[in-house]
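Chemist: These are the residues of each chain, in order.
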Amino acid sequence: MSHNPLLVLEKIVKQFGQFRALDGVSLSLSPGEILGLVGPNGSGKTTCINVIAGLYRPEEGSVFFNGNKITKYSLTKMAHMGINRTFQVPKPFKSLTVRENLIIADQYAKRPHQPLEELLDFVGLTAYASREAGSLNSSQQKLLDLARALATGPSLLLIDELAAGLNPSELDKMAEKIKHLAESGIAILLVEHLLGFINSLTKRVIVMNAGKEIFEGDLESAAKNPEVNAVYLGG
Amino acid sequence: MRKPLISGGIVFLIVLLFFAIMPSVYSNEDLFFQAMVYLALAQGVNILYGFTGYLPFGYVGFFGTGAYAASLCITLLHFPPVLGIIAGGLASVVLSILLSPLLRLSGAYFAIGSLAASQMVYYIVSNPSLQNITNGPYGINLESVYQPHTSYVTMIVILALVMGVVIYIRNSRFGLSLQAIREDPVSAGMAGVHVVRQRAIAWFLSALIAGLVGGAFAWHISVFYPTTVFDLNISIFAIVFTLFGGVTTVLGPVLGMFVLYGFYNLIGISEPQYFQLIYGILILLLVLFLPSGIVSIVKRRGHYVP
Amino acid sequence: MLVYTVISGILFGLFCSLMGIGLNLIFGVMRFVNLAHGDFLMLGAFGAYFAYTLYGISPAISVVINMIVMIVIGALIYYAFVPRLLRSRDPEMLSLIFFFGISQVIEALSVIFFTNNPRSIDWSALGTANYQLFGQSFQESWVVSALISVIAIVLVYFYLYHTKLGYATRAVMGSLDEAASSGINVHRVSAWAMGIGLALAAAAGALSPFFLGSITPNMGSDITTTSFSIIIIGSLGNPLGTVIGGLIYGLSSMFMQSYIPSWANLVPYLLLFLILLFKPSGLLGKVVRHA
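Protein chains in written order, with our numbering: chain A, 1 to 235; chain B, 1 to 306; chain C, 1 to 291.
It is worth saying that the hints were derived from the structure and are not from the lab.
Virtual Cβ for every residue (Gly too), placed ideally from N, Cα, C.
There is no bait here: all hints are sound.
Partner residues are not named here, just some residues of chain B that face chain C (Cβ under 8 Å, in silico):
#1 Ala111
#2 Leu243
#3 Gly280
#4 Ile283
Listed next, the in silico DSBU-like pairs over lysine-lysine satisfying Cα-Cα at most 30 Å (straight line):
#5 Lys177(A) / Lys203(A)
#6 Lys77(A) / Lys279(C)
#7 Lys94(A) / Lys3(B)
#8 Lys94(A) / Lys299(B)
#9 Lys72(A) / Lys279(C)
#10 Lys179(A) / Lys11(A)
#11 Lys77(A) / Lys179(A)
#12 Lys72(A) / Lys11(A)
#13 Lys3(B) / Lys110(A)
All chains should be built: construct the whole structure from the sequences, respecting the hints.
Modeler: So this is what it looks like as structure tokens:
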């Protein structure tokens, strides 16, 4: 593992009107590392991903990638640099086939990655390759999002709620796959509700509440932290 | 990936042979000329609406601009007609560049915004204060360069180019990227597609097509008025032909034009109100029962449609 | 000249507010652009024309008759087609095309039944007096029409802010999902909105002969675009914002007609275009970008 962080967030503030969705969030992530982002609904996890991926512009703070400040880059530019993501509500190109979804990412991001057939196999969608993406169920669409993100050859992957809707054996397989991606050198930021799933992947977790980081460490210590408990028990 | 290209090529050949041969079989050359005009315009709408999802109610604005720019280049600047047509196409592209902020709008806003834009162009061109340049509401006369046969051949060439472009888009990664943008611009951006640029290219391309067709139309009919070339029905015909046949395919607009325009020539000219009635009912039925056009009957069974 | 232009602009503007308000109500509730809006207005104009020429009924009475008939027609159209459209793949675009089809059908049937001959109602149908306002003289038909427009708009205000149905309607305008989950019958509310929206168009139709000149079956599409400009200027989805839009439109077109008449036709389109580009939510609006 390299000690030069790939991604650094410095005191990010994102406001929607009067509401501070992110209130001075800082974090860093190195190649091959998996970082879990947890917290109650509305704590700012997805907003955080949206800021990193270029969907939102933060009011304050900076995002650095490979040492370059990328705070104001467009989505497309981020994709070309090797930042990609999945969406909590999957956003495939519904009227195109599964394979065409990947072909677009392959041809336009122009970055080295595994062959498309391997990616299809990796997410288990080989049998659906010629189907319209809109005909897949929602967890398959999430997997397609993941495959499409991988087809852009990312070095940083932001995963927003992948586990919801998977059964226990699928969860185990998915955890293996994500570990495998990290081992290949991809830095992964994982937003997840299922704490067990996160715990099987990484010991490094950030707990967020009301747009702020309230804890960083492993989940076992988080469980003993009074502030974290207060948030989760609604106190 | 070979087969789609071949079937597209077959459609291309049949269409062009049809228009090349028919005037010697049935001597109403003007009828076939108009059919080519509508087919090319329908394909222009197909590029914009079918592939990118922008419905251009004001598409006729580009057609009229092409017709006027070509005519003025011919009458005032003494361009040879073919050069005039090219100038007409370029003038439409310039207009589309000026109007490109419209692409920031989506859905109905774009549709109505484009309509407003085309009406503005019409009121400017037809304004009596500009009579020195455009001849205002009194129209254009190109009889001095009238050569119906040459303009017919020119239109075949333009149609061939248009069909070629649509076949290319249908079978290329460019077309795929446009559809991706239509489906979800954010995801398209994340997949590395330059959303704004690709969309603008499709917009310029469809404007270029309407401009060239407008220029050829002006040359062929040689005497016309602003109301002739800015007639909103031209947009509407092109849109309905495309929708009826089926968007995002090469074949859809071809089928739509042949069926509906043929039908129009059977009853529409003598009894326009009955044609409009049937037309309106057809649109309602289409939206309610067959929103993806007649090609979707074949597509649903899993067959490929070029 | 200036005073005359201002007052006639306001009178015309009040009529324009009535002309646009139904379109805006339907947009606010259903997020549909009713491209047949102008055609329903045209039907109202023909209704008033025949009522006056055949039975001597005053257009002021026709306003009421038109509204009652159109509420029924609107609700029928709603229940027959709209739920199906809402379930489709792309409700926004398909509804646009659908209402375009309706407009074609209405226009064609009107040509078949009424022919293309332009008709007009004598301006004295609403009274022959001349009113003196600020030293300028205006015909009674204008003043009465503007007054009727004001009454209709006040009634819309009452419906929206002082009836149970109106509360529900505004809830649906605010958020369809929240309204539905709080137990509001969205279809019932929308069917009423559709009926009332068309009724207001037909009411404006009965007055249109005094402002827009002769009645023809193909007058609809221009009226639809003009109405759309008016509601965009005001605020899309906010029916009462239409009044601002109507007044701005009325005044600016009167000024153009008085001072640079040859370019007056450009006004609605230019305003529509500029506002769409620079402030798509309208002068009063905050939200509503994606329908």
